[in-house]
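Asks: Residue numbers (my numbering), protein chains in the order written: chain A, 1 to 460; chain B, 1 to 460; chain C, 1 to 460; chain D, 1 to 460.
By construction, these hints were calculated from the structure, which means they are not laboratory data.
The beta-carbon is built from N, C-alpha and C at its ideal position, and this holds for glycine as well.
It is possible that part of the hints are untrue.
Stated by the list, open to error - Part of the chain A face toward chain D, derived, beta carbon under 10 Å:
id, residue
1, I122
2, F133
3, Q134
4, A143
Chain by chain, the residues:
Protein chains: 4
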Amino acid sequence: MENKGLHEECGVFGIYSMGDIEKIAHNVYYGLYALQHRGQQSCGIAVSDRGVVESYKEMGLVGEVFNDDTLNTLKGQMAIGHVRYSKASESNNENSQPLVLRYSKGRIAISHNGSLTNAEEIRNELSHDGAMFQTQTDAELIAHIIAHQRLLVHSVEEAVINAMKKIEGAYSILVMSPQKLVAARDPLGFRPLMIGKKGESYVFASESTALDAISAEYIRDIEPGEVVVVDKDGLKSYKNNCTGKRGICIFEYIYFARPDSTIDGVGVHDARLKAGEILARRHPADADMVIGVPDSGLDAAIGYAKESGLPYGTGFVRNNYIGRTFIKPKQSERRKSIDIKLHVIEENVSGKKIVMVDDSIVRGSTCANIIRELKEAGAAEVHVRIASPTIHWPCYYGTDIPTREELTANHNTVDELCEIIGADSLGFLANEDLYELMQTEEKTFCDACFTGNYPTEIKE
Amino acid sequence: MENKGLHEECGVFGIYSMGDIEKIAHNVYYGLYALQHRGQQSCGIAVSDRGVVESYKEMGLVGEVFNDDTLNTLKGQMAIGHVRYSKASESNNENSQPLVLRYSKGRIAISHNGSLTNAEEIRNELSHDGAMFQTQTDAELIAHIIAHQRLLVHSVEEAVINAMKKIEGAYSILVMSPQKLVAARDPLGFRPLMIGKKGESYVFASESTALDAISAEYIRDIEPGEVVVVDKDGLKSYKNNCTGKRGICIFEYIYFARPDSTIDGVGVHDARLKAGEILARRHPADADMVIGVPDSGLDAAIGYAKESGLPYGTGFVRNNYIGRTFIKPKQSERRKSIDIKLHVIEENVSGKKIVMVDDSIVRGSTCANIIRELKEAGAAEVHVRIASPTIHWPCYYGTDIPTREELTANHNTVDELCEIIGADSLGFLANEDLYELMQTEEKTFCDACFTGNYPTEIKE
Amino acid sequence: MENKGLHEECGVFGIYSMGDIEKIAHNVYYGLYALQHRGQQSCGIAVSDRGVVESYKEMGLVGEVFNDDTLNTLKGQMAIGHVRYSKASESNNENSQPLVLRYSKGRIAISHNGSLTNAEEIRNELSHDGAMFQTQTDAELIAHIIAHQRLLVHSVEEAVINAMKKIEGAYSILVMSPQKLVAARDPLGFRPLMIGKKGESYVFASESTALDAISAEYIRDIEPGEVVVVDKDGLKSYKNNCTGKRGICIFEYIYFARPDSTIDGVGVHDARLKAGEILARRHPADADMVIGVPDSGLDAAIGYAKESGLPYGTGFVRNNYIGRTFIKPKQSERRKSIDIKLHVIEENVSGKKIVMVDDSIVRGSTCANIIRELKEAGAAEVHVRIASPTIHWPCYYGTDIPTREELTANHNTVDELCEIIGADSLGFLANEDLYELMQTEEKTFCDACFTGNYPTEIKE
Amino acid sequence: MENKGLHEECGVFGIYSMGDIEKIAHNVYYGLYALQHRGQQSCGIAVSDRGVVESYKEMGLVGEVFNDDTLNTLKGQMAIGHVRYSKASESNNENSQPLVLRYSKGRIAISHNGSLTNAEEIRNELSHDGAMFQTQTDAELIAHIIAHQRLLVHSVEEAVINAMKKIEGAYSILVMSPQKLVAARDPLGFRPLMIGKKGESYVFASESTALDAISAEYIRDIEPGEVVVVDKDGLKSYKNNCTGKRGICIFEYIYFARPDSTIDGVGVHDARLKAGEILARRHPADADMVIGVPDSGLDAAIGYAKESGLPYGTGFVRNNYIGRTFIKPKQSERRKSIDIKLHVIEENVSGKKIVMVDDSIVRGSTCANIIRELKEAGAAEVHVRIASPTIHWPCYYGTDIPTREELTANHNTVDELCEIIGADSLGFLANEDLYELMQTEEKTFCDACFTGNYPTEIKE
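In isolation and in its complexed conformation, chain A is listed as follows (with noise of 0.2 Å):
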């Protein structure tokens, strides 16, 4: 279920046109717009032609911040562009990306999905140097970093390859300098990456949908640790910083990515579907129907009625048109929904055993509320089913989890959490079947949110 405050993700996306693509900002826009699900309160686009960049940014959707004219002004023959999601509320556009910056090399601008572990220890460390930063972003971090390294080798690719060795924890990120067009992904590829072909000409996207949108073809993704440089050349590929470890966030697949993208070589939806089909397994159920919790609890709800054999239905209709100018009610006139976002077909629900499946419990207040309005609907019992194990750890990578305090799976058993939400059955998936839901037997994923196990040294 979205907007559950869990979420800290961005979008990214670039283009290098070998002379191939009209309107490079506009295929930026769709890019964008198939990325939107991966951050919602700020965009914008930077093209640059031979070093002069030109930008645009703005709080809002894709489709709120730019029009034809808008678009029509960017031109060159490199682009990259983000949408951003942050769990302040902000009303100035200060930490919108692709941030754009000078230096003595000329221009360098940079798109980020991710979050540094040693952000505090950088930024420390640059302001003893005398830096000085106009933002709170990563990215604004990791510019300078990079722009130190030009400094001394000899290209920007090899600045970057430099700068990995001095940043932690997660990121990918899309860099353009007056000639090249850079993409890297951290040495454990956190957050997704890939690159994509449309004519002659280099594609960059967090998720594979993006590249289609715009009609792009999938080529791979990009490794964790590898840096990829695209001038008119074409394409190179710096594998210094690979060690062969993978660590892709499990939540990429349980809650942010688009059902309809594939990761690392695993398909979301598929992640998904299997998902509900362990927990079936796992968790079986005497019930009449299963319901999912829109939108990313719905695959894994297919997945259980396959596996268990119960018949799939819809419990729930989402508001599509709810979105940032909505007033929310007040308390006191809310009773009845949810939210206004999501309402319950009494009708389907009234009577039966239903099994509801959801990504993910964090706080538990949500589920609580929805299972309060199905018994309402008449219900007769209400089993949940979670589609990821309970979580118990902060996460340091970008994925908005409060602390283990908030967590309510740190002060109750399952049992008990069972009663707090008023389900009739409560299961979550086992920390081990990550691996059937990946399709691996090595560990290649980050479940540090569930295990503790943090792929990279965090300090205090």
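Given chain A, work out where chains B, C and D should sit, using these hints.
Replies: For chains B, C and D alone, kept in the frame of chain A given last:
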């Protein structure tokens, strides 16, 4: 599937407060939000405070048009609202509703859903008597007739009852006079309209889901031909124009209404499920998976899967962020996706024999595009099942069906059509199946677009 | 001085193109820009292309409401526009003009400047015959009457001529029928209206400066009572309602019109200069400098200076950026400036004996504030000279003068008023001076607000 | 005359509240409104609450950018604001000020008016040391230098004092550190900056009229080279960089500043009056009337009239409603008016011998247009008097004067120029007249654009 240009609906919502509704305009706002799917072009709210009427209406979605300030200026003890769709592209808001008119008895405000079949006659007759019009709406015609009648009788409800003898076709209306709120439905009840109650106050809405949005209790549907009036003494019903006949538009169930609504005792979700079940029996298919075209084909697909025993799956992801301001790609740019709005989950359909359920076929081109995409994504076979009969006749009651010429079913047999759209097999509901779908043995609905049997006289 | 709440004017502009006007809506746009001082609340343009009328109107200034795109969609061979002021604060644009109405003879569009004295009677009579109104404008009443007449006669011009026998008071109107553009002025010509020519095409405007704005040549003023009609065969004049009497509102010269306009043969700037000269003779002062209150007091101040031989100086700077969106300071915050809009040039008035010329005194409070500020800035003496007589009577012809109760001149002698406002001396024009100001020996103007001699019958 | 492209100014405003200023952002808003004439492209306000800085800045006028809600979110005990003009057309707001930067000592916010002459050098030097820039402003360079200095000294005021040794050219700056508000003016004081007091709180503004706008009392001008710092203990002054020299830009008096402002003890209105008087003595004319070109030529025209004994008159009406959104007419459409912004009062100039006073001549084309219009309106003779000397040299201190090539005075004698612009006679001030205008015998001002005597070193 939405946006096939089959839509010319509106939604209405009204409240008469017995003094226990705070912020009446905010309540209408939430009601209209829940009816937004019935019209996205313009919206408005009129409030009446003992005959002093204030209104605000603009082009745009409910969330774009209203903010807290605007709503706070709209105070009164009764209020009506309207969301409007029109197939004409309009930049001006002259046709936005509610309409507010002044005449010798004071002010009258009106919201209308439907389409009159004798609008031209009425307009000519009124014009001949000197009437002047400022909009192109049927609402204005109805208001004129009610006002004329009001001069001859002793109450606004009598005026409405008499006016109904002069207007023909489809109309569900809400009318505010200085002291009363009147709701009426045409003698066949083509369009829905129902009564709810919140505390001591009365609420009217096109769909039950809008009652839920403000936690109002559903009381009952207004009967075809019934006039209901609320004033400080409570609610009265007048059945002078009731004939016992019924003719709710079948497309309300197939396409227009939200699945969580119940209209005239029949659940929309339930009707769609049934449509899928009937299809499964009438047109079985040897397939691996059943998918629906979002959003209106999904429920029928679930019904098909359930009845056939085939697994239900997700074929498409819908981009919820595509709004009015979306810059459409040029034809040359569009290749891989039907529309950036709908995207195939390639991994889930690849190699499979698919049953694809959609709500209806009008011209056939959208369906053909979707099938092509499924095939390009690797679907082995695509068996199309349509949750309604073949459409042969235009609609005069407000459903935007094109001329007979443009309806593909008038030029092709089902087999020819199957070939044209590139399906491996194609099946529709039969006309007689609609009785089962509607859970009735009598003809309680209008199926003129399928059969040509118009339930009212249509003058050429 | 502006914004003293004395203003209830509008401006009208129209073009009938003989085929030689490109972008007719753009031309109306420039005309309205030049008339913006006559109304800043809402504006609109309607174009007619052989009976097909399109219009666009909104709250706001001409430059806010229209952009190139909007203007480009408004195509036709004739067009009318309107700028509107109203003392009521309105958030909705229902009263914006031009009004476009449909009746049995097709569409009619109307722009109106003035105020009917029998509006209530007409509204009642029309209502009694079943008319319905959607606005509070006199324009709607006039359109109804013209339409009624049109059913009885053979042309729109005859209809206008007959309608003028039913409506009383002040009106300068532009009316578009499917084939013709009609301009008419009430029998006393309270409000200005003039004819211009651009190439072969005819132009109508409230003021000559608007003709200049599109490089149209001034031809002549429409006579009081005259009806002028333009169609493809050219211009015809009908003087059926001409009586030879004249009654142009004297406040058009004193306050409303732009100084570069000439109305009924008298230059506005010239009239104001003369007012100042007469004041200098009638109320000389022993002073060091003459200043005017911007903008409408400046020209009279120049006249006073010239006639008296005293030097002319600048007393105030006006902030041109204060618009509709300005956040007014709370009373407690306002001390040193009359209004942030007007600021005393301290160094220029300090220590001097000042003659300060303003256009009129209604309640006296604004004038008192200005005098106080001049004194605080060090002015040794402030001798106030008012370029109009004392106001004693309300206006029924469109000038927003408050009730007799609120008019300070009804409660105080000039000497008392002088003391109240804190002036060292105070002088007004005498009623008989207006003849000299208007360069006439006959009564060709309306001075009812000064004398109570209303040139038409006023029913209580 | 405005908009001749001679303008590259900004305005700054700041407040340090001793606890007695309510709604600090609203106060800055009024101050900026009064400075709006100094820059209409973008504006912004930054507030600081014990080091926590919030800012809001956008493209547009003060009245467009800020509303009550925005201002209410900006809370703090000190605040600075900025209005900005730039000759470059910019769609993005990256160069809007105040700039807010973070460095090792916390946040620093800066508003700047002026132009550095060693910006390129500084940028290169900072870049060489690894600095990165996100804007094209001098403000960013100054902030970097102050921040660097701050690491070496014990207070922000020392840092500013030291920074001033590194930056050259014109700058009046306001700087907020976490605890202090610092105001500084370059050693020659090219741009104005003054101190005011409201209650116990200190206010800084580019012009005295902005102090008046919030009823603050004018205390004194900051001296050239002076650094003033306010913290909770009050105001301190540092004159380390004062040299006793002065070089206020003479164009502040001729054109930029509002006539009601007093700068460095000289009233702007007074200086303009004097310019007119000197012109009358130096270049008398046999004429009927003296007129000024609005707005900056009006006061000099009054001075000319007074000294010459010729009557002062109004030649033009200015349309105050022309704003950023005005759709410019195509060249072919523009014939009768210079610009729809300025319109000749034909009746007042017709047949007369006119002395027309304007502030300056740069390229001469605007002046030629105005003269042509006066002649077309029937002026018998047009004697042009310019309230400044002939311009021969570019400005490096922030006044937007074009290259020597484009300056007409570098290619033509006054007699030739007179003929080119179509005047009957033409007279300028002499360079030595500026002393009288400034009421000084010493060189206290910069006249480099007239004389080429740059008061600071200019490297080519």
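Asks: Does F133(A) meet its interface restraint, that is, does its C-beta lie within less than 10 Å of any C-beta in chain D?
Replies: holds (4 Å)
Asks: Hint validation: Q134(A) versus chain D, beta carbon distance must be below 10 Å. Holds or violated?
Replies: holds (5 Å)
Asks: Does the interface hint hold: is I122(A) within less than 10 Å of chain D, judged Cβ to Cβ?
Replies: For I122(A), the interface hint is violated, since the closest Cβ of chain D sits about 13 Å away, which is over 10 Å.
Asks: Holds or violated: is there a CB of chain D closer than 10 Å to the CB of A143(A)?
Replies: Status holds, d = 7 Å.
Taken one by one, the earlier hints fail for this structure only at number 1.
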